[in-house]
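Mind docking chains B and C on chain A? Use the hints.
Here are the chains, one letter per residue:
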Amino acid sequence: MRGPFTLAACLTFAVATTSGAFAQDAGAGQGRAAGAGGQGRAAGAGGQGRAGGQGRGQGRGAAAPSAPTPRWPDGKPILGSVPGQPVGGWGAGVTTLPQGQLDKIPFQPWARAAYDIRQIDQFEPHTRCKASGVSRQFSTPYGTEFVEVPDLKRMYIMDNGGPNSYRIIYLDGRSFPQNIPLTNYGYSIGHWEGDTLVIETRGLNEKFWLDTRGTPHTSQLKFTERLTRTDMNTMRYQATIDDPGAYTAPWTTADFNLRWRPGDELFEYICQQYNEGPTLMLGSQEEIDNTRFFVP
Amino acid sequence: MFDRHTRSRHDLRQPILEAGEELMTKRAVVAVMLTVAVGVVSLGAQHTLAAKFDVTKPLTLTGTVTQIDWANPYVHILMKVPGQPLPALWAVEVEGPIVLTDNGWSQASLPIGETIRVEGYAARDGSRQISGRSVVMTSTNKPVYVGTNGTPKARRVATGPTPRWPSGQPRLGPPPGETGYWGYPTRGGLLEDGVNVQMDRYGLLNNVADASKVAPMQPWALSLYRERQRTFLQRDPMYLWCKPPGGPRQFQQPYGFQFVEQPDFKRVFVLMGSANRNRRIIYTDGRKQVGQVNGNDDNPVFYGQAVARWEGDTFVVDTRSFNEEFWFDNGGLPHTEQLHLIERFTRTDMGTMRYEVTIDDPGAYTRAWKSTWNLNWVPGEETPYFLCMDNRP
Amino acid sequence: MKSRSLSFVIAVVIAAGIATIAAQEGHPLEGTWYGDYSTGNQKTDLTVVMKWDGKSVSGLINPGPNSKPLTSAVLDIIPGKPAPQGQQSTTGVPPTFKVRFDVDGMTFEGTLRNPVGGNRQLVGTWKRAAQSGAFQIRRL
Chain A
1 MRGPFTLAAC
11 LTFAVATTSG
21 AFAQDAGAGQ
31 GRAAGAGGQG
41 RAAGAGGQGR
51 AGGQGRGQGR
61 GAAAPSAPTP
71 RWPDGKPILG
81 SVPGQPVGGW
91 GAGVTTLPQG
101 QLDKIPFQPW
111 ARAAYDIRQI
121 DQFEPHTRCK
131 ASGVSRQFST
141 PYGTEFVEVP
151 DLKRMYIMDN
161 GGPNSYRIIY
171 LDGRSFPQNI
181 PLTNYGYSIG
191 HWEGDTLVIE
201 TRGLNEKFWL
211 DTRGTPHTSQ
221 LKFTERLTRT
231 DMNTMRYQAT
241 IDDPGAYTAP
251 WTTADFNLRW
261 RPGDELFEYI
271 CQQYNEGPTL
281 MLGSQEEIDN
291 TRFFVP
Chain B
1 MFDRHTRSRH
11 DLRQPILEAG
21 EELMTKRAVV
31 AVMLTVAVGV
41 VSLGAQHTLA
51 AKFDVTKPLT
61 LTGTVTQIDW
71 ANPYVHILMK
81 VPGQPLPALW
91 AVEVEGPIVL
101 TDNGWSQASL
111 PIGETIRVEG
121 YAARDGSRQI
131 SGRSVVMTST
141 NKPVYVGTNG
151 TPKARRVATG
161 PTPRWPSGQP
171 RLGPPPGETG
181 YWGYPTRGGL
191 LEDGVNVQMD
201 RYGLLNNVAD
211 ASKVAPMQPW
221 ALSLYRERQR
231 TFLQRDPMYL
241 WCKPPGGPRQ
251 FQQPYGFQFV
261 EQPDFKRVFV
271 LMGSANRNRR
281 IIYTDGRKQV
291 GQVNGNDDNP
301 VFYGQAVARW
311 EGDTFVVDTR
321 SFNEEFWFDN
331 GGLPHTEQLH
341 LIERFTRTDM
351 GTMRYEVTID
361 DPGAYTRAWK
371 STWNLNWVPG
381 EETPYFLCMD
391 NRP
Chain C
1 MKSRSLSFVI
11 AVVIAAGIAT
21 IAAQEGHPLE
31 GTWYGDYSTG
41 NQKTDLTVVM
51 KWDGKSVSGL
61 INPGPNSKPL
71 TSAVLDIIPG
81 KPAPQGQQST
91 TGVPPTFKVR
101 FDVDGMTFEG
111 TLRNPVGGNR
121 QLVGTWKRAA
131 QSGAFQIRRL
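Residue numbers (my numbering), protein chains in the order written: chain A, 1 to 296; chain B, 1 to 393; chain C, 1 to 140.
Chain A with its partners taken away, still in its complex shape (with noise of 0.2 angstroms):
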């Protein structure tokens, strides 16, 4: 596929197939785990046999009973690949942050009005090759892998595809720095909660979108995700946004889940390949006019 603007439309188009419902707010909760419930429950302690793992509208039709969540040798569950068979990884999730509850959301004015733009506008940093952390990197097509590294006490959640690039999770039990520079996938530490992990990520730029449709923030932003192996080929993934510079109060996304794909490799994607134009690498011709005159 050549050329920038099919390269785009064809990573948003195929999103938009491989999550489901997207965009349309109606129609919320269908296929949610047995049990999630509403917003701000967390996830809790994990979801042994519970057959609702297929989730939101992935379209794979009635699942098969899945293996059971594998553990390591002290209990806690493998979040990325198994040793001894082979890797594999976790294709898309999250939609849309509001998905279900749009017009329930905290916005403050602006971010409302923002928010609105963004779903004409649909001219997302992404697209332009910009590494978009959190929960953004759990919407493109080919997903992610977590890579577990118990002996440095940290788990890296690769991109499968978008930025070809890597997040660390801190898992030693350390506390946020006092300055944090603010970067595209800010600085997360996770720490367990039963069968959950709870990833809390401080420091997060601007120069992004948390979803392919523009959920706004600010670098106020504190996020939350909580993840849980519910069974051998399910994620369940939910999130609280805590960003007073955007919302009138923190609030928490329906649950997502994760599709294990296995036998799935990381492959090379790079973004910049046929992206030299100033449309999608330095952003369209409407959206920037000489403001930033001294790139490169």
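Be careful, since some hints might not be right.
Unchecked claim - Among chain C residues calculated to face chain B with C-beta under 8 angstroms, some are:
no.: 1; residue: 34
no.: 2; residue: 43
no.: 3; residue: 47
no.: 4; residue: 49
no.: 5; residue: 67
As the list claims (entries may be wrong) - A few chain C residues facing chain A, derived, Cβ under 10 angstroms:
no.: 6; residue: 24
no.: 7; residue: 28
no.: 8; residue: 29
no.: 9; residue: 54
no.: 10; residue: 58
no.: 11; residue: 75
no.: 12; residue: 76
no.: 13; residue: 77
no.: 14; residue: 83
no.: 15; residue: 93
no.: 16; residue: 94
no.: 17; residue: 95
no.: 18; residue: 100
no.: 19; residue: 105
no.: 20; residue: 109
no.: 21; residue: 117
By construction, these hints were calculated from the structure, which means they are not laboratory data.
Ideal Cβ placement from N, Cα and C applies to all residues, glycine included.
The following block gives chains B and C in isolation, referenced to the frame of chain A:
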């Protein structure tokens, strides 16, 4: 602080020494603004000054600071320069945020509204840009963003024997419970071992006439290399469009990379601190280099298909299937899709990784040839956060 | 003289506190804006620095010895019309962002062009007593 202004093809000067670097030749020293200190903190990233600025066109400007764009690859001070009918907005390019921070500067070092006097060089393309060779706040008459602010952060070095796995195999990454990355390469551009030619940290030759000595190029490749050098590496795809530093180039970058070994899955990740924080995999499971799993079988890629094995204490990586859409060397040495690399990594001690690359590209070179340099371990730190496109809208 | 130097000190303090992060996708007004305003045939350059703290917009104009703090700054959203259910969202009508800020006895009122874009611009008119004119500033 090693800054881009201390290297220019138009000056005769003594080569600048870095910790661990050997003195290649001696030359007459000309009085020039050298700001090197022993135990220098960190290197600038990206590209040679001459690519963007014309060192034969010095410029001095005075203006009011309007905004500071604190972003990679270089911080820019936007300043208002008086003029008619309205003042003009100029951009002053100084070092990148990682280097500035390491040298004690921050965004707050230069308050908005201050007046500054800037000396530097004009941009080649005639745009309103100036390199910040000297930036002085007129209210204090003190420099800002050039040199160090107070005592610079000392560079961390590591000593001690090579760390090993229980099996005895050397660790390419940190010992358990620690972190670190490989950076501060002792070479900035490919140069055939045994050849004596001067080039700067970014691969720009001191003397373009030396081009033919750098590597055994075929005539078309030598012409292309000369042209790239003659035009100060301006058309570098990494500089213009942030294309990846495939091949040896990723090991020429100061912000380096991490190796993350996963013996359980017979693979080693390379996590980069340069370019766009890309990740790639080197497989040690004995597979053939047959292309990517998802689509594009055998399609040549930027980082190639890499497989590796151990030979004693040396990690030997074999990579092929490169495309031709990038530069595999800071200095612009050409390559073709026939490029086949053998890279030998030997961790001679805790702090040192010897890197030897054999370039076998019958499309561009008349024979295989080797280049060798060292990488230095930076203990206790992650790869600096650098995104090539940080300052692009 | 005394009040002038005091306002300079206040302005510098405000300017130092307003971190000029390249806020690209955050609040539409946050950042540094540069342009000019007209008085008759004459144009004068204008720099506006604005910050959003989650509750209100604050800022100043012309950072430096002659800076003045904004005495008020308001962003007014005139709703658009989201696309009906089941329709392409691109058929929706975007909201309008109207801005008004007061400084040094002048009132600036304008509309944001490309409010969430990289090259957003605020265009409108200023007034002070009987005087008025046009102004335009673009976000750096």
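Hints violated by the structure (listed by number, smallest first): 10, 18, 19 and 20
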